[in-house]
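Protein chains in written order, with this note's numbering: chain A, 9 to 493; chain B, 2 to 96.
These aren't lab readings, by the way, just hints derived from the structure by calculation. Just so you know, these numbers come straight off a predicted model, no measurement behind them. From the three backbone atoms N, C-alpha and C, an ideal C-beta is built for every residue, glycine too. Worth double-checking, as some hints may not be accurate.
[Unchecked claim] Derived DSBU-like pairs (lysine-lysine); straight-line CA-CA distance at most 30 Å:
hint, chain 1, residue 1, chain 2, residue 2
1, A, K289, A, K491
2, B, K42, A, K363
3, B, K91, A, K363
4, A, K307, B, K42
5, A, K115, B, K73
[Said to hold, decoys possible] Under 7 Å between C-beta atoms, here's a sample of chain A residues computed to sit facing chain B:
hint, residue
6, A208
7, R357
8, K387
[Unchecked claim] Pairwise CB distance ranges (calculated):
hint, chain 1, residue 1, chain 2, residue 2, range
9, B, T32, A, S251, 48 to 56 Å
10, B, P62, A, L429, 37 to 45 Å
11, B, L14, A, V18, 29 to 37 Å
12, B, L14, A, P245, 38 to 46 Å
13, B, I78, A, I22, 37 to 45 Å
14, B, L14, A, T426, 21 to 29 Å
15, B, R75, A, A326, 19 to 27 Å
16, A, L350, B, F37, 28 to 36 Å
17, B, E9, A, T248, 50 to 58 Å
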Amino acid sequence: MIRQLHQQLVEGKITAEALALEYLSRIEKNDKEIGAYLTLLEKEGILERARQVDTKIARGEEIDLLEGIPGAIKDNILVEGVRATAGSKILENYTAPHDATVVTRLKEAGAVFLGKTNMDEFAMGSSTENSAYQVTKNPRDITRVPGGSSGGSAAAVASGMAVWSLGSDTGGSIRQPAAFCGIVGLKPTYGRVSRSGLMAMASSLDQIGTFTESVEDAAILLSRIAGEDPMDNTAAPTLTNKSFEDELIGDIKGVRIGIPEEYMSDSIDPSIREALQAAKKNLESLGAVLVPVSLPHTKMALAVYYVLMPAEVSSNIARLDGIRFGVTHTDTDGQKSGDSLLDTYLKNREHGLGKEVKRRVMLGTYALSSGYYDAYYGKADRVRALIRQDFEEVFKTVDVLFTPTTPEVAFPVGEKTTDPLTMYLSDIYTVTANLAGVPALSLPIGDKDGLPIGGQFLSKWFDEEGLLRVAHALEQKQEEIKKAK
Amino acid sequence: MLDAQTVEHIAHLARIGITEEERTQYQGDLTRILDFVDELKAFENIEVKNTESALIRYAVPRTDTALIHDGKERERILENMPEVAEGALKVRQVL
Numbered sequence: 009m010i011r012q013l014h015q016q017l018v019e020g021k022i023t024a025e026a027l028a029l030e031y032l033s034r035i036e037k038n039d040k041e042i043g044a045y046l047t048l049l050e051k052e053g054i055l056e057r058a059r060q061v062d063t064k065i066a067r068g069e070e071i072d073l074l075e076g077i078p079g080a081i082k083d084n085i086l087v088e089g090v091r092a093t094a095g096s097k098i099l100e101n102y103t104a105p106h107d108a109t110v111v112t113r114l115k116e117a118g119a120v121f122l123g124k125t126n127m128d129e130f131a132m133g134s135s136t137e138n139s140a141y142q143v144t145k146n147p148r149d150i151t152r153v154p155g156g157s158s159g160g161s162a163a164a165v166a167s168g169m170a171v172w173s174l175g176s177d178t179g180g181s182i183r184q185p186a187a188f189c190g191i192v193g194l195k196p197t198y199g200r201v202s203r204s205g206l207m208a209m210a211s212s213l214d215q216i217g218t219f220t221e222s223v224e225d226a227a228i229l230l231s232r233i234a235g236e237d238p239m240d241n242t243a244a245p246t247l248t249n250k251s252f253e254d255e256l257i258g259d260i261k262g263v264r265i266g267i268p269e270e271y272m273s274d275s276i277d278p279s280i281r282e283a284l285q286a287a288k289k290n291l292e293s294l295g296a297v298l299v300p301v302s303l304p305h306t307k308m309a310l311a312v313y314y315v316l317m318p319a320e321v322s323s324n325i326a327r328l329d330g331i332r333f334g335v336t337h338t339d340t341d342g343q344k345s346g347d348s349l350l351d352t353y354l355k356n357r358e359h360g361l362g363k364e365v366k367r368r369v370m371l372g373t374y375a376l377s378s379g380y381y382d383a384y385y386g387k388a389d390r391v392r393a394l395i396r397q398d399f400e401e402v403f404k405t406v407d408v409l410f411t412p413t414t415p416e417v418a419f420p421v422g423e424k425t426t427d428p429l430t431m432y433l434s435d436i437y438t439v440t441a442n443l444a445g446v447p448a449l450s451l452p453i454g455d456k457d458g459l460p461i462g463g464q465f466l467s468k469w470f471d472e473e474g475l476l477r478v479a480h481a482l483e484q485k486q487e488e489i490k491k492a493k
Numbered sequence: 002m003l004d005a006q007t008v009e010h011i012a013h014l015a016r017i018g019i020t021e022e023e024r025t026q027y028q029g030d031l032t033r034i035l036d037f038v039d040e041l042k043a044f045e046n047i048e049v050k051n052t053e054s055a056l057i058r059y060a061v062p063r064t065d066t067a068l069i070h071d072g073k074e075r076e077r078i079l080e081n082m083p084e085v086a087e088g089a090l091k092v093r094q095v096l
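In isolation and in its complexed conformation, chain A is listed as follows:
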C-alpha cells in the first residue's frame, strides 16, 4: 500500500496534504466508535509536514517511499512535545521531552505522524482493556477486543485510520493484536531496532515493531527504523546496504519450514487449525519443504515469562513514583498527599497505577525478594536459556518456523478482565520469540465467521530477510487465490 501511495504522490495524482486530510477526516468520523487514538497531533503541524513533501515533489526532488505517508505511534514511544501517557493515569500530564530514536528516523524519512495510539497501561495486557483512558474496539467486530497491548495501533491500521503504525512487543503485544485485527504485525529481532525513547516494560524482552496492511509495508518501515544507536547499546549495526523491501523476491523454492508440534495443542480453535492446514498447502505449492520439528521446552515458556517479565517490570516501574516521573496525588482537600517521603510514594502509586500494573509489580517484587530469588528468577532465567537453545538447535535444520499466532480469535470485550491468568494464556504462542530474542511476524491466513486468524512465522536471529520473504510469498499466493475466486 505504501508503494502505491508513493507512486500516486510522485505522479501528482494526490498530494501529501490531501492524503493527511483524508486520514484526519477518517479519524474524525470513525474513532469515536473504535477508540484507537489517545492523542492527535496538532492539525496544522501535520499539514505543514505534508506540505513540505508536496513542495519537494513540485520541485522535482526525489522523495523516500515513506515520505508523506501518514501513520500512528503507540503511546509508550516518545514524540517530542507530544503527550505520552502509555495508557496510564500516572502520566496523564507527561509531555515527551525528546523523540525516540525510531521517531527521529521516521521523521528523517519524511513520514507524517497523525497521533498516539491507545494501549494497555505500560503495555501490560492482551486486550487494550487495561488502558486508564478508553477501551479500543476491534474494527472487524466492535463487540470484541482488538488484542493488546498495542490494540490502538492495530485498530488504527485495520480501520484505515493510519497507513502504518508502530507498536511494542514484549510477549506478543504486536503479533496478537495484528492477528485479531487481520493485519501484518512484525516483531524484529531483539537488538534490530533501538529501544531508546520506548518506555521500558521488561528490558530484556521489549522490542519496537510495526503494523501494516502488507508484508512489503512492514519491510519498508523496518528498513527505516532498524540499525545501531549510541543511545541503546543492544541495537545492532545493519550489515547490509540492501533494504528489506528489496529482498522480497517471491521465490521460496527449497526453503525449509519447520512445523513445531508443541504449537498445536488441543485447546486450539478448529478454524485456526484449518486455516493453518490451508496455509501449509500453499507454502508447499510454492516449493517450500515442510519439516515436523520439536522445541521441547516450549511448554515452560509462559511460566518463565510470567516470572522474568514481572521481575523486570517491578524494576522499571519503580521510577514512576509521582516525583521522578508521574503525577503527584492530591488529596481531596487539595493538599499534596503523604506525610513522609514513603507515604508520598505509597499514595502516588496507589492512585496513579492501574490494577494489572500493580499486580505485576508486586509479583515481580515477590519473585526478586530475599529467599525467593533463586527459586523464581534464577530458575526462570536458566529455563529461558534452554528455550533459546531449542531455537538454536531447530534453526540448524530449518530456515523458518510456522505456527498459529494465537490459540483463538478475538474474544468479546469484558470476557477475560476478571481473570488475569486466562488473559495471560493469550500469549502462549508468542512469548517464546521474546524469550529467545528471535524475529517473528503475524500474517492474516483466514478467518472464522469474519474474525481474522493469524499465522506466525519465526526465523533466526537477524534473519528478517528470510522471515519477510516467506511471509510475503504466502501473502501473494493468498491474494492470487482470492482473485481467482
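On the provided structure of chain A, position chain B as indicated by the hints.
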C-alpha cells in the same frame, strides 16, 4: 496461599499503598499466578551455561563524551516535574 502479611510486605517493598479489599484480591491473584509458574520446579537440577548471553548479541559501547542537550529539552523535563525550585526537582525532606 500467600498470607495477608506477606502481601502487605510485598506491597510495602513495591511502594504501593493498598486497601484491605485489594489485599484480599491480590492474595488470591498472586497465589494463582505463583501456582501456575510453580511448574518451573520440575527443573530442579538443570545446569545451563551462558544464561547471561541469552540476548545480548551486540553490546555496542558509545564514546564516553557528554551529550549536549538544547535548552528546550531541559525546559520540557522541568515542566514534567511536580515541583520545581531554582531549576531543580523539589522533593520531600528525606532525613
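Going down the list of hints, with the structure as the test:
1. A/K289 x A/K491: The given pair, whose Cα atoms are some 18 Å apart, holds under the 30 Å limit.
2. B/K42 x A/K363: The hint holds at about 28 Å.
3. B/K91 x A/K363: holds, 29 Å
4. A/K307 x B/K42: Holds, at roughly 13 Å.
5. A/K115 x B/K73: holds, 19 Å
6. A208: Since chain B brings no Cβ nearer than about 14 Å to A/A208, farther than 7 Å, the hint is violated.
7. R357: With a minimum Cβ separation of about 5 Å from chain B (threshold 7 Å), the hint on A/R357 holds.
8. K387: holds, 5 Å
9. B/T32 x A/S251: 48 to 56 Å: With a Cβ separation near 51 Å, B/T32 and A/S251 satisfy 48 to 56 Å, so the hint holds.
10. B/P62 x A/L429: 37 to 45 Å: holds, 41 Å
11. B/L14 x A/V18: 29 to 37 Å: violated, 59 Å
12. B/L14 x A/P245: 38 to 46 Å: Cβ of B/L14 to Cβ of A/P245: about 40 Å, so the range 38 to 46 Å holds.
13. B/I78 x A/I22: 37 to 45 Å: holds, 40 Å
14. B/L14 x A/T426: 21 to 29 Å: For A/T426 against B/L14, whose Cβ atoms are near 27 Å apart, the range 21 to 29 Å holds.
15. B/R75 x A/A326: 19 to 27 Å: holds, 24 Å
16. A/L350 x B/F37: 28 to 36 Å: holds, 32 Å
17. B/E9 x A/T248: 50 to 58 Å: For A/T248 against B/E9, whose Cβ atoms are near 55 Å apart, the range 50 to 58 Å holds.
Hint violations for this structure: numbers 6 and 11, all remaining hints satisfied.
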